[in-house]
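K.L.:
These protein sequence lines map, in sequence, to chains A and B. Quick note: the first sequence uses numbering that gives the first Met the number 0, first residue 0, plus one each step. Quick note: the second sequence uses numbering that gives the first Met the number 0, first residue 0, plus one each step.
No lab work stands behind these hints: they were computed from the structure. You may find that some hints are simply not true.
What the hints assert, rightly or not - Interface residues of chain B toward chain A, partial, derived using beta-carbon atoms under 7 Å: (1) Val50; (2) Ser82; (3) Tyr86; (4) Leu96; (5) Asp99; (6) Gln114; (7) Asn117; (8) Lys156.
Note that the Cβ used here is the ideal one computed from N, Cα and C, for glycine as well.
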Amino acid sequence: MIASLLGEALAAMAANRLRTFLTALGILIGVAAVVLMVAIGQGTQSRVSESIASMGSNLLIVRSGAPSHGGVRGGAGSLPTLTVMDAEAIGQLSRAALVAPMVSGSVQVVYGPNNWNTSVIGTTPDYLGIRDWRVVEGRPFSESEAMSGVRVALVGSEVARQLFGEEDPVGKSIRIQRSPFRVIGLLEEKGQSLGGHNQDDTIIVPLSMAQRQLFGTQFQGTVAMVMVQARTAAEMTPLEGNIRELLRQRHHLRTRAEDDFRITNMTEVSETASEVTGMLSILLGAIASISLFVGGIGIMNIMMVSVTERTREIGIRMAIGARRSDIMLQFLMESVIITVSGGVVGILVGIGLAMLATRLFDVWTLISATPVVLAFGVSVAVGLFFGLYPARKAARMRPIDALRYQG
Amino acid sequence: MWPATMLLPDVPPEYGSTDDICMSDILSLSGLNKEYDTDAGPVPVLRHLEVAVGEGEFVAVMGPSGSGKSTLMNILGCLDVPSSGHYLLDGRDVGGLSDDELAKVRSEVIGFVFQGFNLLSRVSLVGNVALPLVYQRMGRAERQSCATRMLERVGLKEWLDSLPPRISGGQQQRVAIARALVTEPRLILADEPTGNLDTRTGRDIMHLLQQINRDSGMTLVVVTHDHNVARYASRLIYLLDGRIHYDGPVGGFREEEVA
């Protein structure tokens, strides 16, 4: 029965090829739009959370500064209040796994005839652990190297490309602010940060060297920020409280005084970001769904016409024994076939467009199974929903009226 | 009491006696009325019909335009229901049946042959003939073989896969007859089966119908306004203004008398 109806439905559609194609085109465009938009939304979402994750997991960032002088408030880091000693004290907290104090700045580096402006981070070996950043060639520097005055450096892949070209950077000597540094390791490639900053365009040097040689400030031993990794995700919030308490105590702040530091919980930032990008996905999908809806109306329109045109055929079928449900099934099947074929091609077109967008316009896209399966399901549902009324109209005809109909 | 099939064709049964409804009646109408609702109020189309048709009979229904013969045909075919009165088909009162039950009756008991053939033009001859079996939920292979056999029986075995518009009107009507026969119905209703055909082809079609009636004992009711067509039947019912004007042997009636 189903197979026979399927054959007839295909024959009926083949008899009106152009019309069937145009109707399916409406669904095709709708489904393709949904697939493309969701791919863009999800691509952005995954890209954002990847960027945040690349900063390190379970990460708290403590920044110095944010003091107020008679109502004029400085931004975070505008006053160096955090010290290496603070970082060491934080390291003593039981909930803190890794702690990395750091200073950073933009400097000119020279190797032979090449020079390049890049950012230098002065920090301790734990920094690499926190950021889950590996050294792909050479070795990282040790704790003792970090604290003593050894001039060693780890270079990011972009810096290596700019300064060394094809050469192996490990073992070479470069000049940072006129001080010679020996490159002991090449960092793994990390890609762009959320802000569009290239994370590979960086050099990491031991903290004490950076403080003394590169960013000589008037406040000895101060750092711009301290990165802290909590032992577990659940301990982040309590750790944040512990650090605040500890630092207030160490900085001798009175009960009502404001903090002279800021703590950023990167998990919270990540959650907010994924909420925002999730909304973006939904919004894009919703806008695209409108075109799917319009396609569905097209189906309904054409099916109404088809039912009217085939009134006599409906009468014949009823006269030779078709039940109302048989007639209904026949027309529903036709509309579902149209939407499903439109849907399948639409999915392929949507995926193709997403790939094209990634290649040509550098848009982040991500195609996952869920929206594709969903788009297929929705096209079946559209066929059923918008085919239902015309099919009911066909099934409810009185056989004699249908037989007498002069089309 | 003899089954009517055994009496045919040699001994014609006694006509006109509608009071005694015997067990072998395939259909019987009693006190049947049909009226159509119009804006000007109900218009009666069939008035108080009393008819019984025995199994295996060949009945012609005649009457001028507007006499109600098409309406009668629709009611007999379970395409329409009477306004009042009873229509017993195969012993069952059709008046109380649901839409699906009516569809089942049409599917299993009745075979239709229309004036305009009413074949599906996009479907092959085999497909057209097999269609009633689709609605009987018969399997594909069995459907095909039944339909093929029927088409052979009406002499169209070379055109199995042709489409209806590619064959002549007479051949199309043969396909329609094959379609009506394929379910082996008890009752075949033919509405002006020769109306769209030339005289000779029409004669062939009537021969075919007559032969089917004789060979298989299927009851045959033919609506026509053509006396030459009615001549093939053994019994004539003449309707006039929704009433039965004459019910008896075909030979015993002259249309001129009506005027």
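K.L.:
Determine for every hint whether it applies to the structure shown.
P.N.:
Hint by hint, here is what the structure shows:
1. For valine 50(B), the shortest C-beta to C-beta distance to chain A is roughly 20 Å, which exceeds 7 Å, and the interface hint is violated.
2. Proximity of serine 82(B) to chain A is violated relative to the hint, the smallest CB-CB distance being about 14 Å (cut-off 7 Å).
3. Interface restraint check: tyrosine 86(B) against chain A, minimum CB-CB distance 15 Å, threshold 7 Å, status violated.
4. With its C-beta approaching chain A no nearer than about 12 Å, leucine 96(B) sits outside the 7 Å limit, and its interface hint is violated.
5. Because the beta carbon of aspartate 99(B) sits about 5 Å from the nearest beta carbon in chain A, less than 7 Å, this interface hint is met.
6. Here the hint on glutamine 114(B) is broken, as its CB sits about 11 Å from the closest CB of chain A, past 7 Å.
7. Taken as an interface hint, asparagine 117(B) checks out: its beta carbon lies about 5 Å from the nearest beta carbon of chain A, inside 7 Å.
8. For lysine 156(B), the interface hint is violated, since its Cβ never comes within 7 Å of a Cβ in chain A; the closest pair sits about 22 Å apart.
Hint check: violations occur at hints 1, 2, 3, 4, 6 and 8; the rest are consistent with the structure.
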